[in-house]
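Peer 1: Sequence:
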Amino acid sequence: MSSPNGPATQGTFLGMPAVPPRSPYGTGHLRGERSFPRAAHDELGNEQLRRNLGKATHSIRAKRLAVTGELPDWEQLRDTGSAIKTDTMNRLPELLEQLERKVTERGGTVHWARDGVEANEIVTRLVRETGSDEILKVKSMATQEIGLNEHLATQGIAALETDLAELIVQLADDRPSHILVPAIHRNREEIREIFLRHIPGVDPALDADPARLAAAARVFLREKFMTTKVAVSGANFGIAETGTLAVVESEGNGRMCLTLPETLITVMGIEKVLPRFQDLEVFLQLLPRSSTGERMNPYTSLWTGVTPGDGPQEFHLVLLDNGRTAALADRIGRAALHCIRCSACLNVCPVYERTGGHAYGSAYPGPIGAVLTPQLAGMHGAKGDPNSSLPYASSLCGACFDACPVKIDIPSLLVELRHQHTEQSGTTAEKLAMKAAAAVMKRPGLFTAAQKAAGLGRLPAGRDGTLSRLPPPLNGWSDSRDTPAPPKQTFRSWFASAEGAAAMRAAAEEGARHTDDALQEES
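Per this note's numbering, the very first residue in the sequence shown carries number 4; after that it's consecutive.
No lab work stands behind these hints, which were simulated from the structure alone.
Hints may be right or wrong, so weigh each one.
Keeping only pairs whose Cα atoms sit at most 27 Å apart, straight-line, the calculated DSSO-like set for lysine-lysine is [said to hold, decoys possible]:
no.: 1; residue 1: Lys445; residue 2: Lys386
no.: 2; residue 1: Lys491; residue 2: Lys455
no.: 3; residue 1: Lys410; residue 2: Lys434
no.: 4; residue 1: Lys410; residue 2: Lys66
no.: 5; residue 1: Lys445; residue 2: Lys434
no.: 6; residue 1: Lys434; residue 2: Lys386
no.: 7; residue 1: Lys410; residue 2: Lys58
no.: 8; residue 1: Lys491; residue 2: Lys445
no.: 9; residue 1: Lys227; residue 2: Lys105
no.: 10; residue 1: Lys455; residue 2: Lys445
no.: 11; residue 1: Lys438; residue 2: Lys455
Make a model of the complete structure from these sequences and hints.
Peer 2: Structure follows, in structure tokens:
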């Protein structure tokens with residue numbers, strides 16, 4: 004640039020603010036191979052799946068309603084939890100730096116991972132430095148999200164899931180279908196067959212009794228607990244004030260992984276941080292009641308850094324972004340980061356109950372997954388991105404909002420994502436149809452002619468007065484519902500007729516009589 008009083012000088016371009024990156028396309032488990040409608044169509048044909056899901060979700064729902072109804076201040080707890088999460092998101096950079104400082108002061112090491120690729124590389128390097136070629140896993144949505152197990156396998160490192168449901172899924176070479184109960188789509192007979200085929204040395208006479216199935220898994224895992232030197236976990240909460248990490252679970256296998264190995268590596272999404280230790284008082288009431296319908300978790304494990312002579316002597320915390328900063332930058336969508344992974348929204352969702360989790364194609368299924376997955380990984384990574392269908396995987400009935408312990412307004416977020424998808428999709432048949440409708444409605448003559456032309460739709464209607472099949476591009480509507488045939492008389496023509504005028508006069512007179520009666524009663 005030129006100076007008015009001297010020679011030309013070189014200007015400095017600071018650039019424009021960039022949108023934070025989403026999770027890299029094609030990595031981890033935040034995108035399926037098919038759109039939700041296509042995947043759901045196949046899942047709906049699985050009657051056993053629907054029976055399993057219906058029984059399990061109804062049972063969890065009933066338990067949750069019973070234990071939340073015991074607390075007179077349940078709604079106040081929800082309000083408090085929501086307020087804490089809002090405060091956390093508003094101060095996230097500051098709280099994460101405080102967490103790093105506190106963990107480091109207590110002998111831990113903190114690593115920052117911009118995405119799942121970096122997180123997988125960090126964990127792989129840390130495991131290799133121990134000299135081990137196998138690890139134990141604590142149930143973790145974050146590591147499922149980034150595909151850690153699959154990445155470690157390509158590097159010659161075996162990862163064994165120790166949560167019973169996760170173990171069932173892993174042995175069957177299956178995928179989780181629920182945030183809290185990954186094997187919810189399996190019944191006990193199916194689990195028995197999986198154990199007989201894949202657990203070495205299992206008793207051939209093993210039956211489907213849940214206690215004996217659990218005992219078989221316990222025997223299989225016990226040796227691993229005593230001999231494996233490295234464990235990888237997630238974290239339900241990380242406390243910035245003290246550097247404390249928390250894992251809540253129902254079986255105790257997680258605690259074995261958190262205390263027995265020599266090295267512990269924790270992968271935690273950055274949104275899991277909480278400001279104060281006292282905040283656990285709120286969330287340790289909200290989480291178990293909303294997730295498993297229990298008053299408290301059977302096992303709540305807390306640890307802060309490294310304690311000489313007690314537990315793992317080497318602790319690493321990997322703070323995972325993987326699209327979370329992009330979600331945080333969305334003024335409306337950032338509310339999805341309040342999620343505490345309780346799965347209450349899945350258990351009340353009529354869509355999830357019928358399709359199961361696999362139809363969503365993501366590590367995060369159900370209503371919260373339909374919101375969180377597009378936020379983390381985007382909806383337009385490629386043409387026909389399956390994630391673009393997720394915001395439409397809902398009836399918007401609002402049951403998820405009512406069940407959410409931190410009051411995430413999931414229906415409103417879904418509507419916002421639908422708006423974003425429409426705005427980013429360019430010219431579509433729907434947009435062209437809406438423009439054509441707007442042009443017609445702005446011209447009374449055209450609108451009247453269009454109404455008369457629509458009356459021809461009565462001709463192909465059935466005896467029940469419905470159209471079962473519409474021509475393209477309207478066939479997507481009629482694929483799932485019948486369409487009423489157009490009426491013989493439009494409202495505008497009725498309104499202009501003598502019959503319409505008489506009906507309107509009668510209504511006005513009736514309204515006037517009601518008003519007079521009300522005034523007389525008041526006087």
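Peer 1: All hints are to be evaluated individually against the structure, with a verdict given for each.
Peer 2: Hints, one by one, checked against the model:
no.	hint	result
1	Lys445 x Lys386	violated, 34 Å
2	Lys491 x Lys455	holds, 10 Å
3	Lys410 x Lys434	violated, 33 Å
4	Lys410 x Lys66	holds, 19 Å
5	Lys445 x Lys434	holds, 17 Å
6	Lys434 x Lys386	holds, 18 Å
7	Lys410 x Lys58	holds, 26 Å
8	Lys491 x Lys445	holds, 23 Å
9	Lys227 x Lys105	violated, 32 Å
10	Lys455 x Lys445	holds, 16 Å
11	Lys438 x Lys455	holds, 20 Å
Taken one by one, the earlier hints fail for this structure at numbers 1, 3 and 9, listed in ascending order.
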